[in-house]
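Residue strings, one per chain:
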Amino acid sequence: MSTIAEVSETTGFSREGVEAISRARLETGATRDARLRAWELYESLPMPQRTDEEWRRTDIRGLKLDRLRSDTRADAPGIEPLAALQEAGVENAADQIALGPNAGVVVQRDAATILATLDPEVAAQGVIFTDLPTAAREHPELVERYFMTQAVPPTLGKFEALHAAYWQGGSFLYVPKGVKVEAPFRSFGLLSEAGATIFSHTLAVIEEGAEAFVAEAYRSPSLEAQSFASAVVELIVASDAKLRYVQVQDWGRNVWNFMTERAILADDALLNSLHVTLGSRFSKSSIASHLRGKNALAEMLGIYFADGDQFFDHHTWQLHESPYATSDLEFKGALKGHARSVYSGLIKVEEGAQKTDAYQQNRNLILSRTARADSIPNLEIGANDVRCTHGATISQVEEEHLFYLQARGIPRPEAQNLIVEGFFRPVIDRIPVEEIQDFLKTAIARKVGI
Amino acid sequence: MSGSNGAVDTPMFEIENLHAEIDGNEILKGVNLVVNEGEIHALMGPNGSGKSTLAYVIAGDPRYEVTEGSIRFRGEDILEWTPDERARKGLFLAFQYPTVIPGVSMANFLRMAVTNVRNARAEEAANGGEAQKMTPREFRRLMREKMALLKMDDAFATRYLNEGFSGGEKKRAEILQMALLEPKMAVLDETDSGLDIDALKVVSEGVNNLSGPDVGMLLITHYQRLLNFIKPDFVHIMMEGRIVESGGPELAHELEAKGYEGLRARFAESSAS
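Sequence lines, in order, name chains A and B. Using our numbering, read the first sequence as starting at 1 and increasing by one per residue. Using our numbering, read the second sequence as starting at 1001 and increasing by one per residue.
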């Protein structure tokens, strides 16, 4: 692996910045050209406005792109992965990067990959799991086939185009036909400095009949100056394949997070995804499943908990493009302090996607007078023999519930925590992974503030 | 009527001239009641007489405002205490309508309740609390044991709090909570309502097991039926926000024979004279 260290002192994003990244990574013509094309696209697209339906309730005027420092250092910064994870606040960090309990681990810190490991027994089955720049060099034909070509094209939007120009790290997973791996493939995105940027890309290709579990976490300490995180997640689930995908966004409070995820499911494919949004100052998540094959099943779960002055926006799409597919979405959020959230979800059934079974549920629990949640469910149905249901609620903790628990000796803050955890419990119970259930329980208690 | 302990002792539980209102409507209009250790009191009265309000006010329901009077437990004024403090000090209310709380498992809820109440008791005990702390295994064993006594299925523990419970199951769950928290002063609000005769026997047996020389109980009931299974030492009749008559168990039988209307006539006479 050969890279050239280059430290850029400029702020903001520019064509020069894109070229600097390409130079630092010794990229060949095609990769470099793709970046520059994406940059031109970025420049040609207008910044999202409140007049755009998707951004109507989402104000990004506070994002100062010109003050961000775009890091081009591709070399390792000389920090041990364990220390880097601990600095970012990751619990049980040693277990999180150990092989055995994990099939493989990739850690990206700012622009650099500081760890990329794969269990040799898993590798022996033909599985590829490494950081994306390495994968692009070692398996160009595979990466080029999928990277921002099918799931998330740069044309999807302004921030996706920026990502295509500036992407620097992330993970690439390829599970060959019929290979089943139980242990998680784990990847971390870490930000170490205030004012920094991270572009993290996840590309997972699960071939026919294969099974995998991908667990990602975005973490950083809370710092003063605004930082920027851009993530694109592309999940390709071939026929009869199964993928469990868990993403925990727990950035520091200075981070503005933009995440776009698209999954493509072939015939009989199964996706179970969970998005946990806890951190950042501002978070915009765009999450879609393309049910492209017959009889595909997408279970899309979400848990968010905003406090202080956090703003979370989740947009979801359940895109039924073939008959006999099922999508089952449940996003639940709690809000306290002055936090705000927007949930908007669309179930779209294409013409001919008969026997679609789609379910969408968004529930919000408001824990303070000053918090606010908006929920906008939508249906767009182009077939006549389908079952689509959706529901949205925004409610508060009931005084009667608190009184009942208090009448059993449980102090009010603990009673409130019990109620909030109970509110999230149906979603938590749908993730049969003990480590994640424990993490969520702790995270909820921390958020409630006991 | 409360003389079992002699005049110089502070009563265990004493309500004096209690007035309480909800949304500006006065419901309790001067309630007086004394319950001592080892005594079982029955509080009877027609619908709307204020029985349940009294139960809620004792437990500290924030919907009600106490405008006058006092409630003392072992000499201390409890009206300033939060509902959870009252429970940790040894008061208990078995709710007439237990609240459904989705997503909260029975076992988790009970463990938190027991831990809080026991820790408080351990702190209070002069010899330090460590001895009373319970391991999760000990808790599960205790819970199973008490559930078996109340003829409750093991699966109960994994269900969400009161969600989808039948009327009888809810009442049993209330008594299970009482059995685990071991209160010193228990108020049971219409614990017999909605129970068939078999369930009533099980629940009554549970309550009888929990009564003892250092426990006071106040059974609120509309009908005399419950008193065939739990024998009260004292019976009080409540009407229009006041206790209008107190007596021994025979009062309940008289009530059964004459009905509330008969007693109401007598109450009207006595208050006129």
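Read the hints as simulated data drawn from the structure, not as lab findings. Small disclaimer: the values here were computed from a predicted structure and weren't measured. Glycine included, every Cβ here is placed at the ideal spot set by N, Cα and C. A couple of the hints might just be wrong.
[Said to hold, decoys possible] Derived DSBU-like pairs: lysine-lysine, alpha-carbon spacing no greater than 30 Å straight-line:
#1 B:Lys1170 with A:Lys441
#2 B:Lys1201 with B:Lys1151
#3 A:Lys441 with A:Lys180
#4 A:Lys64 with A:Lys180
#5 A:Lys441 with B:Lys1146
#6 A:Lys348 with A:Lys242
[What the hints assert, rightly or not] Derived contacts from chain A toward chain B, CB cut-off under 8 Å, selection only:
#7 Asp328
#8 Gly409
#9 Pro413
#10 Leu418
#11 Ile419
#12 Phe423
[Stated by the list, open to error] Just the calculated beta-carbon pair ranges, DEER-fashion:
#13 A:Glu91 with B:Gly1048: 48 to 56 Å
#14 A:Ala383 with B:Pro1136: 45 to 53 Å
#15 A:Arg50 with B:Gly1048: 51 to 59 Å
Hint by hint, which ones does the structure fall short of? Numbers 4, 7 and 9, in rising order.
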